[in-house]
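Asker: Following the hints, complete the assembly by docking chain B onto the known chain A.
Sequence order for the protein chains is A and B.
Here the first sequence is numbered in this note's numbering, starting from 67 and rising by one per residue.
Here the second sequence is numbered in this note's numbering, starting from 67 and rising by one per residue.
Be aware that a few hints might be false.
The list cannot tell twin chains apart, which means a pair is met if one copy fits it or any two copies do.
[Stated by the list, open to error] Simulated pairs of lysine-lysine, DSS-like, Cα-Cα distance not exceeding 27 Å:
#1 K88 to K329
#2 K89 to K298
#3 K208 to K196
#4 K329 to K101
#5 K298 to K101
#6 K298 to K383
#7 K89 to K329
#8 K101 to K72
#9 K329 to K72
#10 K329 to K298
#11 K88 to K101
#12 K89 to K72
#13 K83 to K72
#14 K72 to K213
#15 K101 to K89
Honestly, the hints are just simulated from the structure, not real lab data.
Being a predicted model, the structure only gives us computed values, none of them experimental.
Protein chains: 2
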Amino acid sequence: MEPSQKLSWESADRAFKRIRPKKVLLQLPSGLKRKGLLFADEIRRRYGCEVILSGDSCYGACDILPPPIEVDAIVQLGHAPMRLRKGVVPIIFVPMLIDLELDRLIATALPQLKSPVGVIATAQHIHQIKDAVRILQASGFKALIGKGSSRLSSPGQILGCDYSSATEIASRVNSFLLLGGGEFHALGASLTTGKTVISLDPERRDATVRKVDQDAFLRRRFAIIQALAEAKTIGIIVSSKLGQKRLRLAEELLRSARNENKKAELVLIDDITLAKLQELGFDAYVSTACPRLTLDDGASLGRPVGTPGELMIALGKMHWDDYAMYHWGFTTRRIRRRK
Amino acid sequence: MEPSQKLSWESADRAFKRIRPKKVLLQLPSGLKRKGLLFADEIRRRYGCEVILSGDSCYGACDILPPPIEVDAIVQLGHAPMRLRKGVVPIIFVPMLIDLELDRLIATALPQLKSPVGVIATAQHIHQIKDAVRILQASGFKALIGKGSSRLSSPGQILGCDYSSATEIASRVNSFLLLGGGEFHALGASLTTGKTVISLDPERRDATVRKVDQDAFLRRRFAIIQALAEAKTIGIIVSSKLGQKRLRLAEELLRSARNENKKAELVLIDDITLAKLQELGFDAYVSTACPRLTLDDGASLGRPVGTPGELMIALGKMHWDDYAMYHWGFTTRRIRRRK
Numbered sequence: 067m068e069p070s071q072k073l074s075w076e077s078a079d080r081a082f083k084r085i086r087p088k089k090v091l092l093q094l095p096s097g098l099k100r101k102g103l104l105f106a107d108e109i110r111r112r113y114g115c116e117v118i119l120s121g122d123s124c125y126g127a128c129d130i131l132p133p134p135i136e137v138d139a140i141v142q143l144g145h146a147p148m149r150l151r152k153g154v155v156p157i158i159f160v161p162m163l164i165d166l167e168l169d170r171l172i173a174t175a176l177p178q179l180k181s182p183v184g185v186i187a188t189a190q191h192i193h194q195i196k197d198a199v200r201i202l203q204a205s206g207f208k209a210l211i212g213k214g215s216s217r218l219s220s221p222g223q224i225l226g227c228d229y230s231s232a233t234e235i236a237s238r239v240n241s242f243l244l245l246g247g248g249e250f251h252a253l254g255a256s257l258t259t260g261k262t263v264i265s266l267d268p269e270r271r272d273a274t275v276r277k278v279d280q281d282a283f284l285r286r287r288f289a290i291i292q293a294l295a296e297a298k299t300i301g302i303i304v305s306s307k308l309g310q311k312r313l314r315l316a317e318e319l320l321r322s323a324r325n326e327n328k329k330a331e332l333v334l335i336d337d338i339t340l341a342k343l344q345e346l347g348f349d350a351y352v353s354t355a356c357p358r359l360t361l362d363d364g365a366s367l368g369r370p371v372g373t374p375g376e377l378m379i380a381l382g383k384m385h386w387d388d389y390a391m392y393h394w395g396f397t398t399r400r401i402r403r404r405k
Numbered sequence: 067m068e069p070s071q072k073l074s075w076e077s078a079d080r081a082f083k084r085i086r087p088k089k090v091l092l093q094l095p096s097g098l099k100r101k102g103l104l105f106a107d108e109i110r111r112r113y114g115c116e117v118i119l120s121g122d123s124c125y126g127a128c129d130i131l132p133p134p135i136e137v138d139a140i141v142q143l144g145h146a147p148m149r150l151r152k153g154v155v156p157i158i159f160v161p162m163l164i165d166l167e168l169d170r171l172i173a174t175a176l177p178q179l180k181s182p183v184g185v186i187a188t189a190q191h192i193h194q195i196k197d198a199v200r201i202l203q204a205s206g207f208k209a210l211i212g213k214g215s216s217r218l219s220s221p222g223q224i225l226g227c228d229y230s231s232a233t234e235i236a237s238r239v240n241s242f243l244l245l246g247g248g249e250f251h252a253l254g255a256s257l258t259t260g261k262t263v264i265s266l267d268p269e270r271r272d273a274t275v276r277k278v279d280q281d282a283f284l285r286r287r288f289a290i291i292q293a294l295a296e297a298k299t300i301g302i303i304v305s306s307k308l309g310q311k312r313l314r315l316a317e318e319l320l321r322s323a324r325n326e327n328k329k330a331e332l333v334l335i336d337d338i339t340l341a342k343l344q345e346l347g348f349d350a351y352v353s354t355a356c357p358r359l360t361l362d363d364g365a366s367l368g369r370p371v372g373t374p375g376e377l378m379i380a381l382g383k384m385h386w387d388d389y390a391m392y393h394w395g396f397t398t399r400r401i402r403r404r405k
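Pulled out of the complex, with its shape left as it was, chain A reads as follows (with noise of 0.2 Å):
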């Protein structure tokens, strides 16, 4: 059964409105490229502009790089709206929203549940979060929402590079229901609360569950760490989308491997690939880019690519036993010094 999806053109209307675009730059992630013809028209016919298509990829709402031609604004289909830093030019978010057959899967769920219950949510499905807690409540859980960062659009919500909501709860949860399918947030999930993670996925029938095994996982990373430790050069990735930018921190990072007298480099990358890295040749590299990319993708990089955090360990300032993954607010001037 396909799940029931559909844009959320709300929040766009108003934002037309006041902005009154004559051109906009229209992104779409992969699976809505193809109906890019369709959109095109549709915002055409809803707002009476020219639009223009992008053809590059669209990974997420972070994902914007300052538009090469003149437009008045960028409209991003399919993504939940992210509070930039600096707008380049506005930005108009279409979310597509993804209904979860809440009742039936949070019933598969209760078993593996232990009151108190966090809830989180993607992107996709937090239009639900409050339907989520009430149906946990009448079937006698206790369940509760973390605000997090001013980077999520709504309290509940999580991100590739933000548990903020999640963490902000964890000490007073015994276990986690996450609205969204997948297993790169339900590990990052589960990583950086230390709890079980119980999933709801848009594809599947029952619940799953996530309990992350920490140690597979940590050792994984610890050949990383030890490859950074031993490189004698290092890129340290600086990425070129305004919401995946953090030259602050890699500014920071470049000079602590510099103290230890690595070989490093400031690097800037749009999307990081395999090619791109084996052609630079740093022995390693340090991405401060969306941390999916090193954490979930990094097997197939082609070299090892570290986290900032796994960086400072591998430099000897910062302790294994310090070891957390990688958070969007990261920098190692906060880092505490033992004795």
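Answerer: Quick look at chain B alone, frame taken from chain A:
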């Protein structure tokens, strides 16, 4: 034998003195990427500025994007300067010069040349063009150099998108001598001028005669024109790259295609790849970006990709007899109307 090659820093020295950048973005073509660390060191040592390496592809002087981080200049190694209409920040070029063994190579070319000879060169060899003229003259040949368009850095230079220095003198010469290897530029020069092109390739011991089989080429292109004529949906590609972006031409083509009842959209793309074109799913494309991709790598793009002129033929707005290889100044406004 490795051809002798060296970076030419003279004009960069002057530009650095004038601009005094504190921070630069360093772009390298594939072949030089691996020496990124060395070049970054060299630039820091010479000019005392911060350097950020670009890890993205850089196919030529035209391949410049608005930098997503604040830098005072872009430094591009390995490419001859190109005059870009609008520079976002100053661009400092450090050309790579490759010396041909002119005496030996031209000696092997003489039996194939017919006086007067037009002399043309690609960017890496342009510094030897006057020597080539002298050697030809000493051998009793008349030799000419065309000035070409303002897009070129020196008289006699040709680009994959600009053969104006050749076409300008085509009617006054009987053959062309090209300082430069590979097939693409020789093909382009022969196609646009209709003359035999003898090319001197740094990788070869003898001159290469190239009299293009125009018929075979045109048959391949006719298949593309046919596909464009039959396509219901057409994506008109505008490049994100500053030196390849021709938005006005793309808009002209869009209007022409829509007037002939095609469902057409402008598509903004940085690097044009098979994956992106397949994902978008248009029946056919027209590229207003670098013609090399369309004409040379076209077969690897998986979908029919035509030039602006080819679209106009497909739409019945230009005659097949007027087929000319794509050239940079193309506009639909100058198409002569036949009775």
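Asker: None of the hints should be skipped; say for each whether it holds.
Answerer: Verification of the hints:
1. Proximity of K88 and K329 under a CA criterion of 27 Å is satisfied inter-copy only: 21 Å between copies versus 48 Å inside one chain copy.
2. Only between protomers do K89 and K298 lie at most 27 Å apart by alpha-carbon distance; the minimum there is 24 Å, versus 48 Å within a single protomer.
3. For a Cα distance limit of 27 Å, the shortest separation of K208 from K196 inside one copy, 13 Å, qualifies, whereas the shortest one across copies, 85 Å, does not.
4. Only between protomers do K329 and K101 lie at most 27 Å apart by alpha-carbon distance; the minimum there is 13 Å, versus 46 Å within a single protomer.
5. With identical chains, the CA atoms of K298 and K101 are at most 27 Å apart between copies only, with a shortest distance of 15 Å across copies and 47 Å within one.
6. In the homo-oligomer, the alpha carbons of K298 and K383 lie at most 27 Å apart inside one protomer (17 Å), although the nearest pairing across protomers, at 60 Å, exceeds that limit.
7. For the homomeric pair K89 and K329, the shortest alpha-carbon distance between copies (19 Å) is at most 27 Å, but the shortest distance inside one copy (45 Å) is not.
8. For a Cα distance limit of 27 Å, the shortest separation of K101 from K72 inside one copy, 14 Å, qualifies, whereas the shortest one across copies, 49 Å, does not.
9. Taking the shortest Cα distances, K329 and K72 sit within 27 Å of each other only across copies (25 Å), while inside one copy they are farther apart (50 Å).
10. For a Cα distance limit of 27 Å, the shortest separation of K329 from K298 inside one copy, 6 Å, qualifies, whereas the shortest one across copies, 54 Å, does not.
11. In this homomeric assembly, K88 and K101 come within 27 Å of each other (Cα to Cα) only inside a single copy, at 22 Å, whereas the closest approach across copies is 45 Å.
12. Taking the closest pair of Cα atoms, K89 and K72 come within 27 Å of each other only inside a single copy of the chain (24 Å); across copies the shortest separation is 46 Å, beyond that limit.
13. In this assembly of identical chains, K83 and K72 lie within 27 Å of each other by CA distance solely inside one copy; the values are 21 Å within and 57 Å between copies.
14. Taking identical chains as interchangeable, the C-alpha atoms of K72 and K213 lie at most 27 Å apart only when both belong to the same chain, with a minimum of 25 Å there against 58 Å between chains.
15. Taking CA atoms no more than 27 Å apart as the test, K101 paired with K89 passes inside one copy only; the shortest distance there is 19 Å, against 42 Å between copies.
Violation of the numbered hints given earlier is absent; every hint is satisfied by the structure.
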